[in-house]
Each structure stands twice: as structure tokens, then as C-alpha cells.
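**Student:** Spelled out from the first residue to the last, the chains are:
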Amino acid sequence: MPLERVAGATPDKNTETKGETSGMPLFWRIWGAVTLVIFAVLSLFVVLATMQFNAIHSTLVGERLVVLADRTVAPFSAAVRLGLALSSVRNATALLERARQTDDAIVALHVFDDVGRIVHSTLSSPPAAVPAFVGPARAAAGGDYWYRQTPEGFVGSVDLVGERGRSAGGILVVYSPIGHATQVRAIFAELMLGAIAALALAAALAAVLLRWGLSAMIRRHRAIEATVRDFERGAWRGAAGRARAKANAEDADGLREGLEAARARYRAVGRRLSAASQETT
Amino acid sequence: MSSANAQASSHWWRLRLVALLVVLVSGTVLTLGAFAVETFERAVAPELAKRTRLIGVIVRAELQRALELGVRLDSMAGLDRYLSGTLQKFDEIDAIAVHDAAGVPVASTRRSVVDADAAAGPEAFVAQRNSYSLPIVDGNRLVGEIRIEGSAGFVRSRLSEVLLDVMTIALVAVLLALESILMLGAASVTRPLARVFHLLDAQRHGDFRHRIGPGGPSALVRVAERLNDHAQDLADRFAALPSAARARVRERLEAQLAVGRPGLLRLADVNDIRPALFLFSLSTEVAVSFLPLYARSLDRPAWLAPDLAAAAPLVAYLLAVGLLTPFAGRLARRFGARRLFLLSVPPTVLSLAALAQASHVVEITFWRGVMAVFYATATIACQEYALRASADSGSARPMGAFVAVVYGGVFCGAALGGVVAGSFGFRAALLAGAAIAVLSGALGAALMSGPAGDAARRTYDLPREARTTRPGAKLLALLLGLAVPMNVATAVFVWYLTPLMLTAAGSGPAEVARVVMLYYVAIVIVGPAATALSDGSTGPRALAIGGASLAAASLLSMSLWGGFWAAVTATAGLGVGHALMRAPVYALAQRLDPLGTAVTPLRVAERFGAIAGLGACALSLQSIGADAAMQATGILACAGLLFYLAMEAAVRARTNAGRTR
Numbered sequence: 000m001p002l003e004r005v006a007g008a009t010p011d012k013n014t015e016t017k018g019e020t021s022g023m024p025l026f027w028r029i030w031g032a033v034t035l036v037i038f039a040v041l042s043l044f045v046v047l048a049t050m051q052f053n054a055i056h057s058t059l060v061g062e063r064l065v066v067l068a069d070r071t072v073a074p075f076s077a078a079v080r081l082g083l084a085l086s087s088v089r090n091a092t093a094l095l096e097r098a099r100q101t102d103d104a105i106v107a108l109h110v111f112d113d114v115g116r117i118v119h120s121t122l123s124s125p126p127a128a129v130p131a132f133v134g135p136a137r138a139a140a141g142g143d144y145w146y147r148q149t150p151e152g153f154v155g156s157v158d159l160v161g162e163r164g165r166s167a168g169g170i171l172v173v174y175s176p177i178g179h180a181t182q183v184r185a186i187f188a189e190l191m192l193g194a195i196a197a198l199a200l201a202a203a204l205a206a207v208l209l210r211w212g213l214s215a216m217i218r219r220h221r222a223i224e225a226t227v228r229d230f231e232r233g234a235w236r237g238a239a240g241r242a243r244a245k246a247n248a249e250d251a252d253g254l255r256e257g258l259e260a261a262r263a264r265y266r267a268v269g270r271r272l273s274a275a276s277q278e279t280t
Numbered sequence: 000m001s002s003a004n005a006q007a008s009s010h011w012w013r014l015r016l017v018a019l020l021v022v023l024v025s026g027t028v029l030t031l032g033a034f035a036v037e038t039f040e041r042a043v044a045p046e047l048a049k050r051t052r053l054i055g056v057i058v059r060a061e062l063q064r065a066l067e068l069g070v071r072l073d074s075m076a077g078l079d080r081y082l083s084g085t086l087q088k089f090d091e092i093d094a095i096a097v098h099d100a101a102g103v104p105v106a107s108t109r110r111s112v113v114d115a116d117a118a119a120g121p122e123a124f125v126a127q128r129n130s131y132s133l134p135i136v137d138g139n140r141l142v143g144e145i146r147i148e149g150s151a152g153f154v155r156s157r158l159s160e161v162l163l164d165v166m167t168i169a170l171v172a173v174l175l176a177l178e179s180i181l182m183l184g185a186a187s188v189t190r191p192l193a194r195v196f197h198l199l200d201a202q203r204h205g206d207f208r209h210r211i212g213p214g215g216p217s218a219l220v221r222v223a224e225r226l227n228d229h230a231q232d233l234a235d236r237f238a239a240l241p242s243a244a245r246a247r248v249r250e251r252l253e254a255q256l257a258v259g260r261p262g263l264l265r266l267a268d269v270n271d272i273r274p275a276l277f278l279f280s281l282s283t284e285v286a287v288s289f290l291p292l293y294a295r296s297l298d299r300p301a302w303l304a305p306d307l308a309a310a311a312p313l314v315a316y317l318l319a320v321g322l323l324t325p326f327a328g329r330l331a332r333r334f335g336a337r338r339l340f341l342l343s344v345p346p347t348v349l350s351l352a353a354l355a356q357a358s359h360v361v362e363i364t365f366w367r368g369v370m371a372v373f374y375a376t377a378t379i380a381c382q383e384y385a386l387r388a389s390a391d392s393g394s395a396r397p398m399g400a401f402v403a404v405v406y407g408g409v410f411c412g413a414a415l416g417g418v419v420a421g422s423f424g425f426r427a428a429l430l431a432g433a434a435i436a437v438l439s440g441a442l443g444a445a446l447m448s449g450p451a452g453d454a455a456r457r458t459y460d461l462p463r464e465a466r467t468t469r470p471g472a473k474l475l476a477l478l479l480g481l482a483v484p485m486n487v488a489t490a491v492f493v494w495y496l497t498p499l500m501l502t503a504a505g506s507g508p509a510e511v512a513r514v515v516m517l518y519y520v521a522i523v524i525v526g527p528a529a530t531a532l533s534d535g536s537t538g539p540r541a542l543a544i545g546g547a548s549l550a551a552a553s554l555l556s557m558s559l560w561g562g563f564w565a566a567v568t569a570t571a572g573l574g575v576g577h578a579l580m581r582a583p584v585y586a587l588a589q590r591l592d593p594l595g596t597a598v599t600p601l602r603v604a605e606r607f608g609a610i611a612g613l614g615a616c617a618l619s620l621q622s623i624g625a626d627a628a629m630q631a632t633g634i635l636a637c638a639g640l641l642f643y644l645a646m647e648a649a650v651r652a653r654t655n656a657g658r659t660r
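The listed protein sequences derive, respectively, from chains A and B. Counted the way numbering that gives the first Met the number 0 counts, the first sequence spans residues 0 to 280. Counted the way numbering that gives the first Met the number 0 counts, the second sequence spans residues 0 to 660.
Certain hints may be false.
[As the list claims (entries may be wrong)] Pair ranges (Cβ atoms, derived): (1) A:PRO74 / B:VAL136: 14 to 24 Å; (2) B:ALA427 / A:LEU192: 51 to 61 Å; (3) B:ILE623 / A:SER175: 53 to 63 Å; (4) B:LEU163 / A:ALA104: 25 to 35 Å; (5) B:ALA648 / A:THR58: 31 to 41 Å; (6) B:PRO300 / A:SER175: 14 to 24 Å; (7) A:ALA188 / B:GLY424: 40 to 50 Å; (8) B:ALA531 / A:GLY134: 28 to 38 Å; (9) B:ALA434 / A:PHE38: 39 to 49 Å; (10) A:SER175 / B:ALA44: 34 to 44 Å; (11) B:LEU163 / A:GLY134: 30 to 40 Å; (12) B:MET166 / A:LEU192: 36 to 46 Å.
If you're looking for bench data, these hints aren't it; they were derived computationally from the structure. In this text the structure is predicted, and so the values were computed from the model without any measurement. Ideal Cβ positions, reconstructed from N, Cα and C, are used throughout, including at glycine.
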């Protein structure tokens with residue numbers, strides 16, 4: 000765009016060419032910053048949304064494990080209510096195995112006593128006791144069901160209520176994390192793809208909107224650029240003996256006047272210092 | 000020209016850029032949000048189907064056990080009752096039916112249409128209904144089948160929760176984008192421009208003591224280098240003179256020169272506090288959504304009930320903030336706002352890290368209290384900085400920016416804390432908060448470098464003409480009529496009664512949190528507009544009165560209708576009302592006393608108003624009930640407004656009478 004149209008300058012071939020581009024770096028700078036911010040925001044959104052999906056999906060899985068544990072616990076509860084030891088429940092492994100077969104992703108079902116010792120399990124060589132986090136989790140649940148996502152997988156548990164309402168142990172369902180992790184990764188990839196498409200669209204739209212919305216500001220910065228250039232040219236031409244010419248560009252915000260005044264003051268002070276220096280020598 | 004012009008112009012372009020950015024970012028994020036919800040819907044469908052199928056398998060196992068004992072399918076006693084019981088236990092199914100081998104129904108149960116609609120929530124989605132038929136086998140014989148119909152409403156309600164979560168995240172993203180672009184815009188355009196104009200003004204008036212950091216568009220960089228060179232050159236030449244000549248020249252020079260290297264020019268702007276305060280506020284609030292749960296899950300003394308253990312950190316927090324507020328302003332002036340803010344960051348980081356490692360509710364309460372103390376010092380330091388950076392005393396802009404940033408940070412902190420804690424646990428969220436607090440300290444050190452961050456002169460050092468008469472009655476009217484009722488309403492209605500009432504009406508914690516967040520969102524959205532109106536032709540008085548009226552009307556509206564939507568409307572109305580009045584109330588206090596002595600009583604009244612209101616409400620709730628407590632809050636807001644208007648009229652009448660005499 001010719002300079003005189005944006006800043007009221009008189010035509011000058013050299014300045015016109017420069018003037019056409021002088022507002023552009025600022026525009027691209029703002030556009031780059033806005034695109035960068037949108038990129039950062041979309042990346043953050045993808046991460047947060049994936050984490051949110053992780054939370055939702057793990058809740059659904061955990062709730063299902065609890066449903067399973069709740070239904071499996073019935074025969075064991077009956078035995079405990081009769082005052083029998085958990086280890087005395089006949090066909091316990093078969094009962095647990097039947098529950099395990101409802102989903103291939105179930106790694107193990109354990110029945111544990113009140114101190115956390117595993118009494119029955121679907122594993123052929125089960126660990127001696129439930130993991131350490133089970134105790135605090137049961138205490139926090141206060142006898143209610145609970146579920147948790149751990150690095151090793153999901154666990155869900157229901158307490159066995161014994162005599163006089165005291166906890167006699169519980170059932171722990173251990174679920175493979177692989178299916179869930181695959182789902183979460185798939186969601187992340189899908190959202191990332193969507194984000195890249197959205198970023199491309201937003202960047203293009205930003206170019207149009209910023210061009211329109213910030214045109215006045217870009218004009219002002221072009222005017223500042225032209226004023227500074229005009230002032231600098233005046234300075235070097237003046238140093239070569241040329242008389243001060245009329246300014247080419249409109250004085251943006253009184254910048255040229257300010258620059259001239261600051262230079263005049265600088266020169267005046269400088270001359271006084273030179274004089275003082277000569278006086279001393 | 001001038002720096003005033005440059006400032007007005009940069010303010011204008013910043014507003015325009017922010018508006019464009021909000022449109023762009025919110026449009027993009029909401030589009031991606033809609034895509035995310037659709038993706039989530041597809042992704043959770045298999046898991047929901049597995050749940051429905053599992054219930055069918057469980058019912059079938061029970062029936063087959065009875066068949067193994069020799070009971071015929073059509074003669075099982077209580078089968079209807081068993082199916083009804085199962086249906087009541089699992090919201091995700093709408094109907095269960097048992098048919099014999101010929102397809103004749105043996106027993107069936109179905110959820111009533113009203114119950115199904117209640118479970119469904121708003122019809123935001125058309126969800127697929129899962130239906131399953133599972134064969135019932137007795138030995139080698141097929142004796143019947145179980146038909147299970149999954150609930151579309153259950154799926155729909157889960158998905159609408161996802162949509163709301165996604166929208167919350169989108170809002171967080173937009174707020175973060177807003178703060179980022181304001182910081183980038185300031186660093187790349189507005190600050191370099193303001194610095195150049197300021198130095199130019201100084202040099203044309205003979206002040207060559209300063210230089211500026213070059214930055215921004217190339218023309219500004221060149222101007223900055225030129226002006227810096229003026230100052231440096233004169234300083235070098237002045238330093239080269241013998242000391243006697245220097246003394247002689249100084250008398251005649253009519254200019255001020257630097258001794259040695261010219262000092263870096265420091266300019267303060269209200270927006271200097273934004274990034275640091277936003278992140279600081281965000282970091283301290285990461286725990287807000289889960290702290291009661293976290294506190295309840297840890298060890299506690301035997302005498303402390305779980306509910307009290309959950310509330311203990313909040314009580315400690317409010318008390319600590321309340322106790323420190325009267326002194327924090329004085330501390331900020333004594334040590335400097337910048338130093339006080341920076342000193343507040345390490346203890347906050349330590350508190351967050353200690354909260355993450357806590358194993359007992361007493362530790363949580365203690366560290367939350369410590370964090371509250373330094374939250375008070377940090378936020379008040381930022382507030383002091385903003386008030387001092389504002390060139391025109393009596394403007395609502397510093398307080399508007401402060402409120403918008405703090406509430407934006409609170410909102411983002413609560414939402415992000417919830418999301419991170421949901422995925423990685425409470426401790427991870429708290430440690431993330433500590434890391435963000437470190438970042439806020441770094442930004443504070445880099446950006447709060449203006450003279451507004453230095454220690455201030457004491458009041459008695461100021462020139463006599465700068466002192467004004469004590470604000471007296473008008474300040475009292477402002478405090479008791481507007482500030483105290485506003486903070487009582489926030490603490491009693493938003494923090495206390497709304498969660499209680501919604502929980503009693505069957506809303507879950509997530510739904511309660513969303514309704515409460517409406518209050519903060521309203522303040523963040525409406526706040527900037529209120530600030531602009533307050534500084535414009537509308538003025539702070541009209542806005543404060545309008546906001547107080549709207550807040551009172553919102554509170555009293557709860558007497559006319561009740562339930563979820565009434566709470567939503569009242570919370571949003573109260574948020575808008577408070578957004579209209581919060582910054583103008585500070586502007587009015589500043590106008591009452593430009594030296595700022597009215598600000599500390601205002602802060603103290605706000606904090607203690609909130610604590611007193613909360614205490615009174617908690618003590619009287621058992622005897623008067625939640626409805627009466629809410630009405631009392633509304634009546635207090637109305638009475639406060641009338642008191643303010645009456646006091647104002649009385650002061651005006653007395654002033655007029657004084658003039659005529």
C-alpha cells in the first residue's frame with residue numbers, strides 16, 4: 000500500500016517501496032504470536048481433554064469392576080455371616096474363576112481376610128497379601144466399595160461384612176490397563192489430528208481478522224516507521240549540508256517533533272560540554 | 000504526543016486485540032471441544048455396553064443357579080421382585096425381562112418414564128440404546144432368555160457431563176490464552192512504544208539520566224538506540240571533565256546527566272502484575288476442588304469428625320487471610336510490593352509441596368494456613384503495585400485488572416487442579432501447583448520491575464497539599480453499605496449455602512462446582528466491561544449502586560422460587576452484580592482518599608465481613624434453616640444499599656448546608 004495512503008506522506012519512490020512493507024513485520028509478528036498462543040492453547044486443551052477422558056473411562060471401568068466384585072462377594076458374605084472362616088468356602092476358586100471369565104482383561108480376583116492375606120485367588124501362584132495401598136484405600140472408603148487406577152492396572156474392591164458389622168476382608172478385582180491405555184492413546188491421537196486441522200483454520204482466519212481488526216494500529220506503526228526514517232534521512236542529509244526539507248511523512252503522535260527536540264537538546268548540551276572541555280585544556 | 004497518547008492508544012489496541020483473540024480462541028477451542036465430545040461418545044460406547052452385558056450375565060448366573068437346583072423358570076418365586084431390585088441398583092439399564100424358550104414373558108420390570116427422564120438430564124445428545132439378549136441354559140437345554148435394555152438417558156447424562164467438563168477446559172484455555180497474548184502484546188508492542196515516548200519526553204526536557212532496553216518494531220529499536228546513545232555520550236563526556244569543570248558546568252547546563260552508565264528507565268503499568276498474579280492465584284487454588292476430600296482421606300485425631308476435618312483447612316485459610324489483611328498493605332509499602340510478592344513465593348511453594356507430602360489432617364490445616372498468609376501478602380502486594388502504577392488515582396482499572404486476574408486464576412486453578420488430580424492424584428496436582436508458583440515468581444521478578452514495586456514513602460513524608468481530609472462518613476457508608484454485604488453474600492451464598500442446597504437437592508460435587516464457578520466466570524467476563532464503564536461516562540457510583548441492586552435482587556429471588564435453576568440464576572446474577580460493583584467500590588475508596596488510606600479498611604472490612612457472615616450463618620443454620628439464611632443475606636444487601644444511599648444523601652446535604660452558610 001503506498002505510503003501517502005496510509006500515513007499522509009508525499010510520494011517518494013524509495014520510501015513507497017519501503018513503506019509498503021514497513022507495517023508487515025508488525026502484522027506478521029502479531030499473527031505469529033497469536034498463532035503460537037492458539038497452538039499452545041490447543042495443545043493444552045488436547046492434553047487436558049485426554050486426561051479428562053482418562054478420568055471418565057477409568058471411572059467407568061472401576062464402576063464395572065465394583066459391580067463384578069459386588070456380585071461375586073455374595074457366597075463369601077454368606078459364609079462369613081454364618082461365622083465360618085473365609086478359607087473354608089468350598090468351590091471358592093470356581094466362583095472366582097466364573098467371575099473372571101466375564102472379561103478377558105480381568106487379570107485376577109482375590110479374596111483377602113481382614114489383615115490383607117490372600118485366601119483365595121484365580122491365580123495359580125498368588126501373592127501372599129494384597130498390595131500395600133489396599134489398606135489405606137479401604138480405610139478411606141470406610142467399608143464402602145472403592146476402585147483405583149494404579150500403574151499396574153485397575154483395582155476394584157468390595158468389603159466382606161462379618162459378624163457385628165465388622166469387616167472380615169474383601170474381594171479385590173485386578174484389571175489389565177492395556178485396553179484402557181490403548182483407548183486413551185487413540186483419543187489423544189484423534190484429538191491431536193483435530194487440533195492440527197483446527198490450528199490451520201484458525202491461523203488462516205487469524206490472518207484475515209487481524210488484518211481487518213488491527214488495520215488502524217498497523218497504519219499507526221507504519222506512520223511511526225515512516226516518521227523515524229524521515230527523521231534519520233533528514234539527519235544524514237543535514238550532515239551533508241542539505242537544508243532542512245519539508246517532512247515526507249505525517250508526524251505520528253508528534254514523534255518527529257519529539258525527536259527533533261531531543262536532538263536539539265542533546266546538541267545544545269553536547270556543545271556546552273565541548274566548550275567546557277576546551278576551556279579546561 | 001506523548002506518553003499519555005501512546006498509553007491511551009496502546010490501551011485501545013490491546014482491547015481490540017483481546018476481543019479478536021477471544022473470538023478466535025474460543026471459536027477454535029469450542030469447535031475442537033464439540034469434536035472431542037463426539038470422539039468421547041464413540042470411545043466410551045464399548046465400555047458402557049460391557050457394563051450392561053455384565054449385569055445381564057450376573058442375572059443369568061443367578062437364574063441358572065436356581066435352575067441347577069431344579070426350580071423351573073416359570074415357577075421361580077419372587078423373580079419379579081429380584082428383577083426390580085436389580086433395576087433399582089443399576090441406573091444404566093431401563094428394562095429387564097425374562098422370557099421362556101417360546102418367547103413368552105415370564106417376568107419383567109421397566110423403569111418408569113419419569114425416572115428415566117430424571118436420569119437422562121438435558122437432551123444434549125441422542126445416545127444409542129444398548130439392548131442385549133442372553134440365552135438361559137439348563138444343562139443342555141435352552142430354557143429361555145434374558146432381555147436387557149440399556150438406558151439411553153444414562154449414557155446421555157454421562158455425555159452431558161463430558162460436554163460440561165470440556166467447556167470448562169475450553170474456558171480455562173481461553174483465559175490462559177488471554178493472559179499469554181496480553182503478555183506477548185505488551186512485551187512486543189506496547190511496552191517498547193511507551194518506553195520510547197517516555198524517554199523522548201525526558202530528553203526533550205533535558206533529562207539524560209536514563210536509557211531503555213531496545214525492543215519492539217525495528218523503528219522503535221533504532222529510536223531507542225539513538226536516545227540511549229544521547230544519554231551515554233553526554234555521560235561519558237561529562238565524566239571526562241575535571242571535577243572543578245564538572246561542578247561549573249552542572250550549574251549552567253540546565254540538563255540532568257548520568258554519572259557513569261545511564262540507569263535503565265523503569266516504568267510501571269497495571270498490567271505488570273497480570274501474568275505473575277494469574278499464575279500465583281492459579282497455583283494456590285489447585286487444591287480448592289479436592290482439599291476437603293484429601294483432608295478427609297488422611298489420618299485425623301479421634302475427636303475430629305470427618306466433616307470437620309474436611310472443613311478445617313478452609314477455616315484455617317480464611318482466618319489466616321483475615322488476620323494478615325490489615326498488615327499486608329503496610330508491609331507492601333514498607334518493603335516494596337515487588338519484594339513482598341517475591342518473598343511470598345518460596346513459602347507458598349513450600350506449603351504446596353508440604354501439602355502434597357502431608358499424612359495427617361493437622362499438617363494439611365497448618366500448611367493451608369501458612370499458604371493463606373502468603374497468599375494474602377502476595378495478592379495485596381500485587382494490588383498495591385497496580386494501584387500505585389495507575390497514573391490516574393480513582394480509576395477502576397487497577398482493581399478491575401486485579402479482580403479479573405485473581406478470579407481467572409481461581410477458576411483455572413480449581414478446574415486444572417480437578418483434572419490433574421483426577422488423572423494423576425492429589426499429590427501430583429499439588430506438586431504441579433508448586434511448579435506453577437515457581438513460574439509465577441520468575442514472571443514477577445521479570446515483570447514487576449517498575450517503580451510501583453519499590454518501597455513507598457510514608458504518608459507523613461508527603462507534601463502537605465497532598466494530604467486530604469479523612470474520608471469519614473462516606474468511607475463508613477462504602478464499607479458497611481456496599482463492601483461488607485458484598486463479601487457476606489459471596490461467603491454465605493456462593494461458598495456455603497449454594498453447595499449445601501444443591502447437594503440436598505441431589506446434585507453431585509461436579510455439578511455443585513460448576514454452579515459455583517458461574518459466579519467467578521461472570522466476574523471474569525463482565526469485570527473488564529465494568530472497569531471501562533467505571534472510567535467512562537457511567538462512573539463508579541452508578542455501577543456500584545447498580546451492581547449492589549442486582550446482587551440484592553438475585554439473593555431475594557431465591558425467596559420466590561427454588562431448586563437447581565433458581566440457584567444457577569441467582570449465582571450468575573450475583574456474579575454479574577458483584578462484577579459491576581467490585582472494582583468501582585475500590586475506585587470510590589481511592590477517590591475518597593487519593594493517598595490510599597481508605598484501601599486498607601476496605602480490605603479488612605471485606606475479609607472480616609466474609610468471616611463474620613460465614614460464622615453467623617454456620618451458627619444459625621440449624622435454628623433458622625437455609626431459606627431464612629438466604630433471605631437474611633438478601634435483606635442485608637438491600638439494607639446496606641439503602642444505608643449507603645442515605646449516608647451519601649446526608650453527607651451531601653451537610654456539605655451543601657456548609658456551602659450556603
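**Student:** Compare the structure with each hint and give your call.
**Tutor:** Each hint tested on the structure:
no. : hint                            : verdict
1   : A:PRO74 / B:VAL136: 14 to 24 Å  : holds, 21 Å
2   : B:ALA427 / A:LEU192: 51 to 61 Å : violated, 27 Å
3   : B:ILE623 / A:SER175: 53 to 63 Å : holds, 54 Å
4   : B:LEU163 / A:ALA104: 25 to 35 Å : holds, 29 Å
5   : B:ALA648 / A:THR58: 31 to 41 Å  : violated, 58 Å
6   : B:PRO300 / A:SER175: 14 to 24 Å : violated, 40 Å
7   : A:ALA188 / B:GLY424: 40 to 50 Å : violated, 25 Å
8   : B:ALA531 / A:GLY134: 28 to 38 Å : violated, 58 Å
9   : B:ALA434 / A:PHE38: 39 to 49 Å  : violated, 21 Å
10  : A:SER175 / B:ALA44: 34 to 44 Å  : violated, 20 Å
11  : B:LEU163 / A:GLY134: 30 to 40 Å : holds, 35 Å
12  : B:MET166 / A:LEU192: 36 to 46 Å : violated, 21 Å
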